[in-house]
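So the chains spell out like this:
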Amino acid sequence: MDEYAITVKDLKIRYKSVQAYSIKKSLLRLKGVEAKAFEAVRGISFEVKQGEILGITGKNGSGKSTLLRALAHIFSADEGSIDLHGHSVSLLAIGVGFKNEMTGRENIMLSGMLLGFSEKEVLDRMDDIIEFAGLGEFIDMPVRTYSSGMYSKLAFSITAILETDIMLIDEVLSVGDEKFKKKSYEKMKSLISQRNRTVVIVSHNLKTLEELCDRVMWMHEGKIVKIGEPVEVLNEYREFMK
Amino acid sequence: MNRFINDTKKYWKYTLYAAKSQLKTEVANSYLNWIWWVLEPFCFMLIYAFIFGYMLGRKELYYNVYIFVGLAIWDFFNRCIKSSVRMVKRNKSIVSKVYLPKHTLIMSDMMVNGFKMLICFGLSLGMIIYYKVPIGWQALYAIPSLITILIFTFGCCCILLHLGVFIDDMANVINIVLRFVFYLTGIFYNINIFPEPIHSLILKGNPLAFMISGFRDSILYQTVPSRKWLLLWFVISVALAAFGVWNIYKNENTYVKVI
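Here the protein sequences line up with chains S and F, keeping their order. Mapped onto our numbering, the consecutive letters of the first sequence carry residue numbers 1 to 242. Mapped onto our numbering, the consecutive letters of the second sequence carry residue numbers 1001 to 1259.
Hints are computed from structural coordinates only; laboratory data are not their basis.
In silico EDC-like links for lysine to aspartate or glutamate, alpha-carbon gap of 20 Å or less:
(1) K120(S) to E131(S)
(2) K1250(F) to E79(S)
(3) K1009(F) to E119(S)
(4) K183(S) to E163(S)
(5) K1024(F) to E101(S)
(6) K1116(F) to E1026(F)
(7) K1020(F) to E106(S)
(8) K1013(F) to D124(S)
(9) K1024(F) to D140(S)
(10) K59(S) to E232(S)
(11) K1009(F) to E121(S)
(12) K120(S) to D1007(F)
(13) K1013(F) to E119(S)
(14) K1020(F) to E101(S)
(15) K223(S) to D10(S)
(16) K49(S) to E163(S)
(17) K187(S) to D170(S)
(18) K1010(F) to E163(S)
(19) K49(S) to D10(S)
(20) K1024(F) to E106(S)
(21) K189(S) to E178(S)
(22) K12(S) to E221(S)
(23) K59(S) to E39(S)
Input sequences plus hints: build the corresponding full structure.
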């Protein structure tokens, strides 16, 4: 029997009456002004097997990123459930928690711990991260002195080297100059392809999805249109988008 | 409760590291760097001594120390409260990308402001030695008073963090409320100057007035604060903090949708 890493059942996520309002508006609301509700994810169910790579595509506003954030526990489900079967999860986020006045090394600690890793885990991987980023002596200089390419290299290296059981990726990342772009894409591919790693990738790049994924899910207006073999789903999606 | 303890343990190192980073960031571009942490409160201390001691000629016993200690605690409370209202929106880049228990943001901020308060306490100790303030066993009451202040501040911050996400103009309201509470706390004067029943009302109705006054009086004037009221405010502060944390846990996942 296959072991599942992610089980999503009847998931609904709404943006309803939770927008910030002023005290004046809140008084008006008491007089019956209704807030608009918008359902970004409309009752979807699917499962991802352990070690599987699931790609999600769909046009803008189809609920892909909202779904990904719900899987990462950043959003809560309004209805339905998400079960990760006890696996650790992280949304691959570049440069999260970076402080410009801190050195590259200090930012690795800060960002790594923010991603949920212990101090020891980050310290253990510190040399790998520094080596992969290839910033040389800049690693001990404040991040504000970095070029945007160097910033991206460091940020990418942190998320690429620190690994969780389930990896959620919002657009496959290839950053920095041409050389690092190739290196980061290859690293991403190797991270994604590891047998025991479950990956969910949201992307508009159909070629990448076809190349990397075991299955692809096409979402439209918060619902699943089709989920299955990458070639089959993506061909239908291409037809739809014409 | 268990979740709060587990999360606090899990993110403790991050909280500490984030506080250190914040302190470092604040002085990173200045010539005197960390010296500002000591120099700034020291200059304030000289200003108060000049204005209240020399120009206004206040004759209250150890008046300079009295206002300096009071201001140190008030500044801590004031900074934490103001900062908590915009805490989630200010950390949008973090909370929209990773899950982080939101109370750790408050704790980190309290550590930053607590560090500044500790420096002021260090300077106060210097003043206590300089003015030869006699210290009695009653000074021990400063500890429960301070702990109560910390828990009370944490509780208020948790509640305001939540409200600040949903109500845009909360920061404006808080500014006004804080100004009012400031004058009712008697930082620059002893609230004993008010006649009864106003004095008792302020002391019992305003926890900050009670706790700051209890802290100062126990150190400077060998006075024991009302144990009954101290215990009561301690219990209220713990209840406030427990409610604040529970409320954040209940609603924190919707914060990202709002911001």
